Structures are given as structure tokens and as C-alpha cells.
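Residue numbers (the numbering used here), protein chains in the order written: chain A, 1098 to 1577; chain B, 659 to 1707.
These aren't lab readings, by the way, just hints derived from the structure by calculation. Model, not experiment: these values are computed from the prediction. Heads up, a few of these hints could be off.
[To be verified] So the derived list for chain A, only partly shown, Cβ under 10 Å to chain B, looks like this: (1) 1131; (2) 1147; (3) 1193; (4) 1202; (5) 1207; (6) 1452; (7) 1549.
[Unchecked claim] Over 12 Å on every C-beta distance to chain B, these chain A residues come out as not near it, computed from the model: (8) 1283; (9) 1289; (10) 1301; (11) 1356; (12) 1358; (13) 1361; (14) 1371; (15) 1372; (16) 1523; (17) 1538.
Where a beta carbon is used, it is the ideal one built from N, C-alpha and C, also for glycine.
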Amino acid sequence: MKIKILSLLLVASVFVACNKEKLEPIPQTSLSEAVAFSDEARCLQQVNGVYTQLKAGQLYAGRYQVYQDVRGEEFINETNNAVTAWLTWQHNLTASANEVQSFWSSAYATINRANVVIDGISKSPISAASKAQFIAEAKFVRATAYFMLLQMYARPFTDGAGNKLGVVLRLTPQTSSGDDNKARSTVAEVYTQIVKDLNEAEADLPANYADATLRVTRAHKSTAIALKTRVYLNMAQYGNVITEANKLVPNAAPWTSSMAPANALNASIATVFTNYTNSEVIFSMPFTALNTPGTQNGLGWYYNPGPNGGGEFTVNTTNGIAANAGWTAQDARRSFLVVSSGKTYLRKWPNPNNAADWNPVIRYAEVMLNLAEALARNAQGTTVDTRALAILNAIRKRSDANIADFAPATKDELVNLILTERRIELLGEGFRTSDITRTGSSFPAKGTVAAIAPAANQYVWPISIAELLVNKLCEQNTGY
Amino acid sequence: MKKLLQSLFIMLLVAATAIAQDRTVTGTVKAKEDGLPLPGVSVLVKGAKVGTQTGADGKFTIKLAQGQNALTFSFVGFVSQTVNVANATNLNVSLVSDAQQLSEVVVVGYGTVSKKDLTGSVASIGGDKVKDMPVQSFDQALSGRAAGVNITIPNGVVNNPPVIRVRGVNSISLSSFPLVVIDGVPTFSGDFGNGNVANNVLGDINPADIESVEVLKDAAAAAIYGSRAAAGVLLITTKKGKQGQTKVSYDTWMGFTNPFNLVDVMDGRQFETVKNEALVNAGTPPDGTTRGFYPYLDNNGNPTNTNWYDVVYRTGSSQNHNLSVSGANDKTNYYFSAGYSKQQGMIRMNDFKRLNATMNLDHKVNKTITVGGKFQYANSDNQGVNSGSVPGGAFASSGIARLGFALAPNVPVFLNNGDYNINTVSNIIGGGANKTAVTFTNPQLLLDRNLFTSLTERTIANVYANVNIVDGLTFRTTYGIDHLNTVNKAFQNALHGDGVANGGSAFNSISTLNRTNWTNVLNYMKSFGSHNLSALVGNEQQYTTSEGWGANRQGVTDPFYDEFQGGFNTIVPFGNSLGENYLTSFFGRVNYDYKKKYLLSLNGRRDGYSAFSPDNKWGNFWGASAGWVVSQEDFFTKAGLDKVFSNLKVRGSYGIVGNNQGINDFAFWSFFSSGLYGAAPTLGYSQAGNRNLQWETSKKTDIGLEMGFLNGRINFEATYYNNNIDNLILDEPQAPSKGIPGNSILQNVGSMNNRGFEFTLNASIIRNSNFSWNSNFNITTLKNEVTSLAAGGADIQIATSGLERPSMIRVGQSIGSFYAVRTGGVNPANGQRIFFYRDGTAVQYNHAAPAASRWTLVATGAVAPRVADQANDGVIIGPALPTWTGGWENTFRYKNFDLNMLFFFSGGNYVYNGTKAGLRDMRVWNNSTEVFNNRWQKPGDITNIPRVVFGDNISNGSGVVISENVEKGDFLKLRNVTLGYTLPKSVLSKVGISSLRVYAQAMNAFTLTNYTGFDPEISSNGNINGAPSVDRNSVPQARSFNFGINVGF
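Bound-form chain A, shown alone (with noise of 0.2 Å):
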């Protein structure tokens, strides 16, 4: 009778039973967007979040600049494979093709991290200094997104004066669903909020940073400047590539900005790669052993022989830069290509992926080419504009102390002067698709691979079949 008695209560106390706790229990390893930005120490997180977004695969940690240089004529590929640029490397790229499906999202998530943060950052209850100071990181970082996207979804500038279609602009935070058809801006549309994110974080961020670190990892005054010397070099606007390098570059020797943290161009180009915080570096991707670039996404996975990269281009020796009679054996450029098994590899960047070297993302001699290509370009009739050369023969110099000045007789031959230098000064570092693309030129031939004339649809990448698949109001390019 007990044991019944017993087993009724047992029975009664179960059937209530529910333990509201469990029932309800908090994630311990997120934190939720209601605490996100709720102090000065989580916005700085989340800006710092801003830029390694920044850094993804796909981006900054290597590949961005990947798709830019084997678009070209610099580089061979040794490994057909097809998640590793090959198929951009041929120009065979379809809607669906890996690269061009996860640069397109790796390229909005900055973008729409931005966006959160902006917004997140706007409604903290940090002080107005940081508020303003990290919103213009954000929007620093999503300008440089949005450049990034132009140059390999959407035709040059220069073609129509960028009156052709660009790329998607979302500039508000995307954290729910609906929203999803938007149509293609231009191109000239999408520069005009780049260069309007620029001067808004020009005027926001701080002057420097007192850590050596901090100094090429987040964006200060300088960097913003610069990177505008890049987007209104691409926008053939030479007036303002001007002005704007005006701010960081001096008339004349010694190269060192006069805005802090007083750029300059390094002695030794050597160690440019190997110092990741010396005064050339404007801007540059951080990696360490616990935040490495990923599997096949670093700069020294593609170019690097084994055991430290993966082999998977080398130096087109035949009519790539390297093969410029004008690029002399004593240039100290040279030591960066590397003869291993009768073939050459490019070792800017020479350690494995769990030592990954830093990405160099702006340094000051691009700057300085900019404003030198820009000079020369805007100089009247055939001129020949004397600091663009003194620019150029500095950056050569440099690397080659004994060589002669250049001595151009013309603008023109100036001009292709700066652009070969160019070539060589940036050799890795994701500018040849932009070079080829903003001039107008054809992607030369290479290999077993065809050139492409500007007017071919391959001269762009197809738009990403996931994007078509959803936005209903975004176009695909001509040929795709």
C-alpha cells in the first residue's frame, strides 16, 4: 500500500514537470546583438571584425589579388585546378564558377558587416570620438569592398565613363530576410560612393596610431588618402589622383609623406616584405599563426614552390614581365623570382600558410606610381612631366642604385615607362587586371591561353549565379 501511495505522488509530481530553464538556455560562446555594442572594448571588436572580414580568402588574405595577376599575362599555371584560379587564368568562367559565386559574397559580407557596424556602432553608447573614429574605419573598409567588386564584376571606368553596369550598392545594415531584388548600379554610381566613403572617413579617422601594428592594420588619415589615389587613378580622374597624393608625397627626394605617420619608401625592397611594419607599408592584411590566410587562399600558397606554397603558378618567363629585357639582372627586384625545378616562382612572400607573411595592401611606392602615372598623363601636350620622372626613377632606383635615369623623349613614353615599372614594382600584388582593364589594353596571350580584347565578354567576370538566382533585378553581364 505504501509503495502505491508513493508511486501516485511520484506520479503527480512528474506530470508537472518542465524545467523552465533548460527551456530557455543562453548561447556561451555568441554574443547576441542586444549586448553586441554595448561597450567601448566590443565596438572596437567589432570593428577589428570590419577588417578581417576584409581579409577573407576570397579578399585581401590572397586570392583577390590572385584573380587580379593571373588575369594577366605574369603568370603561368602549373595544377589545373579549378578551385585554385584556373579557370580565371583561362577566361573560362561561367555564372556558377567557384571563384566568381564566393568572391561576390565574400566581398558583400564586408560590405554588410560594415553596414552592421555602422549602424550598431550609431546607436552605442560610446563616445562620440570613437563613434565617429569607427564608423569611418567601416566605411573605409567598405570602400575598398566596393572597389575590389568593381574591378572584377563590372567593365573599366574608362569605358563610357562608367556608364555601364557596376555592381549592387547596399549601404544599410541586412539582417533579415526580404530586400533581395535590387538592381545593378553603374559603375560610375558605385565609384561616387566609394569616393564619398573615403572622404567621410578621411575626415573621421585619426591622424595615426602610436602602435607600430595598429599603424599598418587599420586605417588612419594616409591610408584613406591613398587608397583614393588608387580609385581616382581607375576613374582616369588624374587631377585628383594629384591632389590627393599631393598630401602624402613631397615635390621631390627624400620620398617621405609629411602627414603622419610619415610614409616613405623604403630603403631596401627587400626587407618591404619581410618587415610587415616598416614606413613604406600604408596598409596591410596581419596574419598569425592562429589567423592564417586558410587552406588555399595565401599570397605564398600560389606562388611559392613546396614545402611552404602549393606551386600553383609560376613566373611567365616567356612574355611576362619577367621576361623585360629592361628589368635588369642587378635589380634587386629580381631576387624575388626563384628558380626551382627549371621553373620560376615568385617568393615575395616565402613562408608556409601557418607563418604566413603579411599582405601588403597599400604601400607608399604605389602611391607614388599613382601620382607619377597621373602627372604624366595630365602634363600638357607631349611633356614630359620631370617629377613624375624623378617618381619613377626613384622606385627604380631603389631596387637598382647603378642604373641609368630613364630619359623619356615623350608623355606617351613616360607613360608606358611608369606602367611597365608598375609591372615590376607590383609584381603579386593584385593590380594587373586593373592596369589591363583602366588603360583599355587586351589581356595578352599566355601559355596555351588566347588574348582577350577589351571588347570580348571575357574581359569581365560573369556576376554570380546565386545572386541571378535570387535578385531578380540583377543583370548578368553581356555573354554570360
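Following the hints, position chain B against chain A.
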């Protein structure tokens, strides 16, 4: 009826002899089947409360008073027998085993029910069907056994979870794998391997311990499991002791396994011929210095001819042992077993090893209380190299399956000096004498130096108490634990393959899942005259925690090290996870019948689940069913129909069940997660949540007809089912330009429908003492249709291993239908593959032309306006889900021989033969021999293999999904054939053995199909709902031959 007559007869006899005096009766009770004495049989004097039990020798003694003339013998598992004693003083009684009656009881949620009274749709599969099968997990052995339950085995990777679909695909983004309940406690299922080797945790259950598997298919049967039942429920009942003498069984089998139906690939010389021709056609002919394919000569000067299949595959050997001891008396019932299984797969290094022990114990404390419990422990060790054949691995650069057919056959495994043939500069296999770089890695070195293991330790235990509160009212409380500990390890060498990127790396991680389940059920059963009622109410609380952590050590400091604990440069975190979920439920069921003629059943459940937002935690689910046993009707017997039908029943059910299986623990939250930017900590938007997320619901209709003929010798069952799933929780694709993490948000959008018929026919065709033939045929049809998706009905394309997207989820189509660019063979004039734009315009592709002019119009030869690709030109080719599946099992017995054959068949669908795209790819990959034999070579050649052009990855479907590679998937497979011989008892009794059977068996003996790939059953995407029937770089199925022995003592 028969019983009624019997008892009437006995009563008459009793009346006629009721004149005896007080006396003592002795006797022996034996089992009729084996003649062995039965201990513990209860012997009751009829009409009195006096009784006794038989002793260990089966003997009994009992006193009968005057007027008492009959004794009733009863024993669990045997038909009770009442014997008229008359004047006898010594009785020999033989009890008949009640196997027939037992098998007619089926296990349902929180109870059992007599098959006759069942109004839901339940398939029951006996444990003997899985016990001796050469499989790692019992679920693999269920294929083809039951209507409505389609089980396919994705490939020959050992312990790869089978794909189980109960009546179609029942979800899109959540799980369509049925809930698995072992002895009343829901258990973990799925693959816990590390993406290289598979680890189906249902493999932790020893198949020999299984008494029966029930599959609950409709709402009437499954709704009692409420929110977890949309994809059906598998109820596993483990063995218990049977009354009688202690029974000792030893079962063993051993055998070997190897791949079958491998597609032939070119040998070294054919390879050189085709690839050099491709170079010529590309306009870059071999020149002996920078381009061209040439044989590597061995030490004797002979050209190399490597068959990479031989490097990758082997004939694996396996052995399995199982020992059990069981028995029971009136009070206690016990079952102990221990098992050991060691199975080598057909892929080298791919092994499965399991040690396990099981104890089941039930004890009757007194008349009202029974307590019991069980304890199952298993240690399962899965190991291998990167198979490239588990979901997500199809394009792994070192996936062993693809290496088997894609590597150049004219380079050696080892160089002439004995070194591995590898190219350390580009981390690929050494090119031998070839001037054009080859690709992929050398599998021999990977097999020798890399190792992936996934080891689980599993404890499944429960205790219960059953209390008979008053007559008809019982209370049962069960507390169950499922503890799953998985250690995943990987070592990748620094010299070659995937380990190179990080200078050699070791990953060790541990994942621990722990579940407690406390179920309390109050059960009431009562008959009121012709009204029979049973009802239950219950509460179940299930709490699950999961935790994972580990590390990846990189940069091995000495080639000697191949373990995590060796010397490495760096260490990074790996495999971290933390989760918890809680499900609390209240449920009830009422079964009512009138004279076993009219049956009614209602059940309901209210579930609360932690993963939904506070506004949407609770869901209500229910099922209702009714049955009419026509054969019990008077008019039926009057009409004499009972002479034809032994059973005729119609039944129907409708209900709503839910689905939360596979949903993330924190699905509704919006999150920011931590990361790093160099050394700086970061927060980043990582999950776009949806607070409106709620239960997926599945409305199930089931109408069945059951017929029995010739006294049950032939049974036929036909069922119509219709599952309307709505409120689907869908990873709704977001425009990637929105930048939402993962480009998707979980939403309750979309609906889908599965409907079809199931037919089952069981016949005992011949039933003689020397020869019998039983046949069991089942077939299920399935029409799956996606009826709505997110706003605007946006298509969803599911990627195979993140790269290729042949599978389409589109409104109006079957889920995962193939979406490809149509191709029209090869243009005989120029050898170019013909593709069709969606509007029908025929274009052709010439890889040898400059990129801008590769696509031309077939009609004019002019440059085509654009490429042909999936985005513009994809069309639905056909369904990927089989529209009919089934099994046909035949069991023959001739004297002491038995022969069992199980055919599995499936079809009506297409299979995407992505592997074929690789086998015809014109990069440096090796090709199938059909490329050598059938390639286009000159104008006028009629073939489906285009002119070979080096580097061409478009014409044959590597770069674009084409209809050429979408093939019919119909097949018939002899899943199992077993020939056994049972030794005669007369021989065995002399050596003290009660039974001994030897058998030989073959699994997957042959496949009949027109499919040109390895096997139309392959599923590269495993249990992923939206991408079935994709065959991409997977190993084929394994074929096994075994020899086994069953011994009973």
C-alpha cells in the same frame, strides 16, 4: 473460434468426469519443439487458486481436491494449455511455443499493440534479418525489408550511414532521417566522423542484440513522438531472455570484401595516345621538351603501367563474433551478450572495429512492481585515409576514390630508386617522363603516412520501474542515458598531400554528447464487456548537452612523428563547440475497440523545445485513426467469406506531426561571434536569426487495406499515404549582395508533398515438413513535389561538396531534381559537343579556339552570343528521388538447408554521374577506356565522346552540369543471398550442442542496371535532403562474401 470450441470440449469432459477423490498428480512439462524440460512453468488447478511451478527438470507435483479435474499450464512464450487429468496420476505435457502470437505484437511508441488491433501504419522487421549480415550498423541491413522505408547504402566506405527515407523526403533544411528510439529512449544518430572516414554512431549497436525494429510511418503511429516524428520513427527493441533453460548462443562469421563494377580506365599507352592527341588538337603538340606525355621506364626499360585501383583498393577481410547468455524464470529475465567485430573495408586502411557488451535485466519484485534496466556499452573504432566519398568530400584533392581513376597511369608508385614518386615543388605526384605537368597526389604515400580515426565510446543505459497501481492501471517510469564520446584524430604528413600546407599537421578533437531522458507514463487498460479501452498519459523530458574541443598542431619538427603528442611548431584551436537543448512533452493516447471489430485510436502531444524563441517554443501534434475489421463481422462469416479471408481490415489515419530534428540549438538567435584580426580580438556578425521560427509540421494521411487469405498463409497490405509538409524550416537563400552570414536565413516557408502507395505481399507458398518457400514482396511508389518555397518561389540549388550544383529545389518539381544544360551528342562534322540554349538554339564548344570564340552556333558556325551555362540554359532533366523502390525476399527450406535471397530495387529516377565528367575530363586526368575507344577522330565519326582537346573541362561536364551525365537510375540488386545448413539434432545432442547452423553468404552479389557509372545507388551527399542520387568521385559499393556459424548450447 477454434479456442472457443476447444474450451467447450474441455468443459464437457470436465463435467463428465467430476467424480474423482483427493489425489496427487505428478508429471513433466517439456517444450514440444525440442523436447527439453521447461522449468518455471506455472501449474494451476482449474477453478481453484492453488498452484505450483515446475522445477529445473520440468517436473511438478500437485494435489487435486475432489472435483478438481483439470490443470492449466502457462508459461511466457508458450500457448497456455489446460489438460484434463481424469484419473491419471502422471502427466506428460508438451507446450507449444507461441512464436506466432508473439510476432503479432508490434512495438509502438510507449507500448505495444497487437497487430490485429493496429490502426496505424507500422512496419516490423525481425532481429534475425539483421543479426548475421556483414554490415557495420543494423540500419544497413534493413534495406529492402519494408514497404515505405527506402534505405540505400551510399557507397563502400565502412560504417557510412545509410540514407533512410520513410515515405519520401520529409524536410528540406532539417533532417529527414527518422528518429531512432532504442528501448524507449531516443538515441543519437548520424555521422560523427571527421569528414574523411565515416562514423555512423548507430554502428555502436550490436546488430545481434536486436530483437526487432519497428518503423512508425503514419501520424497515428508516430504522432505520439510529436515533434520528432515527421520523418518516421525507428523503434529498436533489444533482446531479452526467454523463459526456459539458460540459452547460450555463439554466432560468428568471417569473410572478405572488395569493390565491384569499377569503371575501366586507360592504361599507360592509351593514356599517352589520348593526351598527346589532345595536345595536338589544342594546337600545342607534344615537343619532347616542354609538352607531351611519355612513359616512365622501369629498371628493366619497360614502360610503366600503373593500375591505381590496385593501389587504392584491396580485398578486405572481416570477422565477427557474438556470444550471448540468456534465460528467464517467472521472476527474472536476463540477457547478456558480448560482441567483437573487425571489418576491413575495400579501401586500403579503411577499417572498422567494435567491442561491445549488453545486459538486459528485468525482475518482478512482487505482484505489483517490476524493475529492470539495461546497459549497452560499445567501443567503435573507424579508421582510414581521406575517402573523398563522404558528404562534403567529393572534390577533396587527396580523396582516395578519385585518385583511383584519375591519376596518370604512365607514372609509377615508386621511382626506380625506391623513393616515392612525388613532386615536392608543386605537391603533386611526380610526372615521370611526362613533359606536361601531371596532377593529384600519390595515394601510396598518403596510405602509408596519413591516418584518420574516429573512435566512439558509447553507453546506452536505462532503468525503469513498473507499478501496477490497481487492476488495469499501471505506472511506468523510465530514466535513460545516452552518452556518446567521440575522439577524432587526423595526421597528415609534411611531405605530400593536404598536410604540406601546414608543414605536417595533427588534429585531435573530442566531442561529448550526453542525453538524459526521463519518461513517466500512466497506462490504463480495461474491458467493459465488448468494449475494450486502453489509455495512457505521460510526460517526457529530454535534455541533451554537447561539447567539443581540440587542437591542431602544425609544423612537424621531425619526420619521425606521426602522433599529436610529437614535436610541432604551432598549435591552433580546432573542433570547438558547445550546445544544449531541452525538449519537454506531455502526451496521451486512447485506444478503443468494440469487439475487436471497430477500432479507434487518438493520440496527442504537446512539445516545448529550447531552440525556438520564447514566443514559439510550444507545438501541438496529434493523430487519429480508425479501423474496421470486416472479417469479424457476422455478415462476413455468414456469407462464407471467412473461408476465403482469414483477415480483412480497412484502416485510416490523419494527423499532424512536427519536425525539429537537425535544427541548431540556438537557431532563433542573432549572433556576433569572436575571431581574430591578426592578434586583435574581433566580433563579427555570424548568424541572422529569426525569432518567428517555429515547428515544421507534417500532415499525414494514411489509408490501408489488409487482407489475409488461406488462414494467414497469404497476407496482402495496400496503403495510400499522403504527407503534406508545410511551414518548412528552410534555409531561405538571401541575395548574396545582402551579405547575410551564410547567405541564408532559417524561415518557416515552403511546403512539400510526398504521396504514394505501398504494397506488401507475404506468402507462405509451400509449407511441407521437408520443403517450404516463403516469399515477401514489397513495393512503394513515391511522388514528391515541392509545392511552395520562399516568397517568389526562388529556386534553391544545392551544391555537392560546395562546388557543383546539379540538384535543384524548385516549386512543382521533385526535391533535388537534376538541373542541367541539355546536350545533343557530338557534332559528327567537327567532334564538338553540342549544347542547347534554353530556347533550343544549338551551340557547340571548341576548347582549341581562343576563349572569345570557343562557343559557336551549330547552324552557321558563327561565334555564339554567349556561353551555354546552367544559369541561362539549365532545365530540369528529371527527378533524383526514386519514384518506386522495394524489396523481394525469398526463403527456401529444404530439409536442413535454408536459402534466403533478398533483392532490392529502385528506379524511376535519374542519377547524376558526375564521376563520368571526371572520367572524360581532358586535363591531365586519366580517362575511362571508352574515351580511348570511342573518341571522335575524324569527320563523320558518330560518337558521344568529343574530339579530345587538351585542357577541355567543358565538353564533358566538369565545368558545367550537362544532361549527358544525367542517367536513368533504375536498378535491381541482389542485396543478400545466404545458403545455410542446420546440422541434425541427432548428431549434435551427442556433443551437447542444441543447435548448429553453418552458412555462406554474399552481399551485393550483382546489380542489374543500365547505369554506366560504378553504382546507381551511390549517394555522394549521403543524407543531405536536397541533393540525392549524386554520384561524384565516390568509391563504389563493396561486395562481401562470408561464411558463418550459429551455435546454440
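Interface exclusion of residue 1523 of chain A relative to chain B, criterion Cβ beyond 12 Å: 23 Å, holds
Least C-beta distance between residue 1356 of chain A and chain B, which was stated to exceed 12 Å: 24 Å, holds
12 Å Cβ clearance of residue 1301 of chain A from chain B: 20 Å, holds
Status of the hint placing residue 1452 of chain A at chain B (closest C-beta pair under 10 Å): Because about 8 Å separates residue 1452 of chain A from the closest Cβ in chain B, which is inside the 10 Å limit, the hint holds.
Interface hint for residue 1147 of chain A, Cβ within 10 Å of any Cβ on chain B: Holds: closest Cβ of chain B sits about 8 Å from residue 1147 of chain A, inside 10 Å.
Minimum Cβ-Cβ distance from residue 1358 of chain A to chain B exceeds 12 Å: 18 Å, holds
Satisfaction of the residue 1193 of chain A interface hint, Cβ to chain B closer than 10 Å: Given a least distance of 5 Å, the restraint on residue 1193 of chain A holds.
Minimum Cβ-Cβ distance from residue 1538 of chain A to chain B exceeds 12 Å: Fine: 15 Å to the nearest Cβ keeps residue 1538 of chain A off the interface.
Check on residue 1371 of chain A being off the interface with chain B, judged by Cβ distance over 12 Å: 16 Å, holds
Cut-off 10 Å, beta-carbon criterion: hint that residue 1131 of chain A touches chain B: 9 Å, holds
No chain B beta carbon within 12 Å of residue 1361 of chain A's: Residue 1361 of chain A is indeed farther than 12 Å from all Cβ atoms of chain B, at 23 Å.
No chain B beta carbon within 12 Å of residue 1372 of chain A's: Since the minimum Cβ distance to chain B is about 15 Å, residue 1372 of chain A lies beyond 12 Å and the statement holds.
Every hint, counting from the list given before, is met by this structure.
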